[in-house]
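Peer 1: Sequence:
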Amino acid sequence: MRQACAGAFRGVRSTGRWYLWQPMVLRGSDARMWLCAQYDDRYVRTSEGWRFEHVKISIRAFSPYEEGFGKVLIGELPGADK
523 MRQACAGAFR
533 GVRSTGRWYL
543 WQPMVLRGSD
553 ARMWLCAQYD
563 DRYVRTSEGW
573 RFEHVKISIR
583 AFSPYEEGFG
593 KVLIGELPGA
603 DK
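With the numbering used here as the guide, the letters of the sequence shown map in order to residues 523 to 604.
Warning: the hint list may mix true and false statements.
Unchecked claim - Per label pair, the in silico range of CB-to-CB distance:
1) 572 with 550: 35 to 45 Å
2) 544 with 573: 20 to 30 Å
3) 549 with 583: 33 to 43 Å
4) 577 with 555: 16 to 26 Å
5) 550 with 585: 16 to 26 Å
Note that these hints are calculated values from the structure, not bench results.
Every value quoted in this text rests on a predicted model; they were computed, and no experiment measured them.
We put the CB at the ideal spot given by N, CA and C, even for glycine.
Throw the hints in and build the complete structure from the sequences for me.
Peer 2: The structure is reproduced here in structure tokens:
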């Protein structure tokens, strides 16, 4: 679910920032979670139109649904930006 984009398409290269707010159920269990993340993308214009050149996702929050958002702290996620 992409909510907003802060970017402008001009020239042959551009950037964009998107936010993800994802309710989810973990595979193999009934654990329900909220996943919040930020995408930072780079785009390049080709003869066929705009294409992704690079996509980076940074996880901002991963919280249990049942306990209420933000009430339970989860340890650092491997590879998460600090």
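Peer 1: State for each hint whether it applies.
Peer 2: Hints and how they fare:
no., hint, in the structure
1, 572 with 550: 35 to 45 Å, "38 Å, holds"
2, 544 with 573: 20 to 30 Å, "24 Å, holds"
3, 549 with 583: 33 to 43 Å, "20 Å, violated"
4, 577 with 555: 16 to 26 Å, "22 Å, holds"
5, 550 with 585: 16 to 26 Å, "19 Å, holds"
When each numbered hint is compared with the structure, a violation occurs for hint 3 only.
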